[in-house]
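The numbering of the sequence shown is the working numbering, which starts it at -10 and goes up by one.
Because the hints were derived from the structure by calculation, they are not lab data. You may find that some hints are simply not true.
Said to hold, decoys possible - Restricting the straight-line Cα-Cα distance to at most 25 angstroms, the calculated cross-link-like pairs of lysine-lysine (DSS-like) are:
1) Lys49 x Lys112
2) Lys38 x Lys112
3) Lys170 x Lys187
4) Lys183 x Lys170
5) Lys67 x Lys112
6) Lys38 x Lys67
7) Lys89 x Lys131
8) Lys39 x Lys112
9) Lys49 x Lys67
10) Lys49 x Lys39
11) Lys49 x Lys66
12) Lys67 x Lys39
13) Lys170 x Lys131
14) Lys183 x Lys131
15) Lys39 x Lys66
16) Lys49 x Lys38
17) Lys89 x Lys39
As the list claims (entries may be wrong) - Each pair of labels, with its calculated beta carbon distance range:
18) Gln88 x Arg205: 21 to 31 angstroms
19) Thr(-4) x Ala45: 40 to 50 angstroms
20) Lys187 x Asn47: 44 to 54 angstroms
Every residue gets a Cβ at the ideal spot worked out from N, C-alpha and C, and that includes glycine.
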Amino acid sequence: MKTIQNTRLCAIDLNIHEHLAVCTIRAGEGSTLATLFIGGGQRVSGFRKKQLGRIARNRKQTGNIAENEQDNVDAWKKMRNVDEHMAHLVSARIVQFAQKHEASILVFEHLGNLKPTKGKYSKRGNEERAYWMKGRIFNYAKYKAYNAGILTSRVSPRNTSCTCARCGASVASYCEGQEPKGYTMGAPLVYCEKCGMKGNSDRNASLMIGNRLFERFELFFQEKPQTSTRAREEQSSGVAALQEPNTQVVGHSSITGRA
-10 MKTIQNTRLC
0 AIDLNIHEHL
10 AVCTIRAGEG
20 STLATLFIGG
30 GQRVSGFRKK
40 QLGRIARNRK
50 QTGNIAENEQ
60 DNVDAWKKMR
70 NVDEHMAHLV
80 SARIVQFAQK
90 HEASILVFEH
100 LGNLKPTKGK
110 YSKRGNEERA
120 YWMKGRIFNY
130 AKYKAYNAGI
140 LTSRVSPRNT
150 SCTCARCGAS
160 VASYCEGQEP
170 KGYTMGAPLV
180 YCEKCGMKGN
190 SDRNASLMIG
200 NRLFERFELF
210 FQEKPQTSTR
220 AREEQSSGVA
230 ALQEPNTQVV
240 GHSSITGRA
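Take these sequences, add in the hints, and give me the full structure.
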């Protein structure tokens, strides 16, 4: 029977905003073999925001609707179709990536209760549907992984976004062009003052998700970028193992076309 020390895992951060998912392949001794960025999050979010804004404007014009009556049917249908399609597409890509690198475990964060931020209807609704999409991606990936002989596990999401995967210290979160100080929710870059780690915030979060599973078995590692032949091959094909990889975009025709 395999133990965690000789098992490869695929740790997934479902950010949804910039990248729909970031996956890292970790070996049982803690090394990082490859990273896959699945882009398109901003386009999906923008598409949803546009549809929700249209719904809000229509409601202002028409006023209250009858109880149990669905309004703006076409707009809601478009959003459901895109979210559903993308959830299937992303979950399939996750499992394919895990299979390619012979990972036998998928590791996700355990999704807690949604707490949308205050703001316009389009912003709140976008966050709610993004959360719904995360759940769909997890459920579809779990099903597809099971059929491929891959197990699925969930770990605590506590502080995965604000902790350095390399040394465990708190990180600064910032945007390009800003000074790496403090913590900005949703910022794409992170910096650890303690060990000097700089990189993509979603990648760091995916590494922390993998660390959480290792910690469950009382294994503790320092994450280090790999430079093996296999890792370089993945980088050349758009699936990188280093901290600033190329982005592989998974798209949908209805997002870029006219709504």
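Violated constraints from the hint list, given by number and in increasing order: When the structure is compared with the hints, numbers 13, 14 and 17 turn out to be violated.
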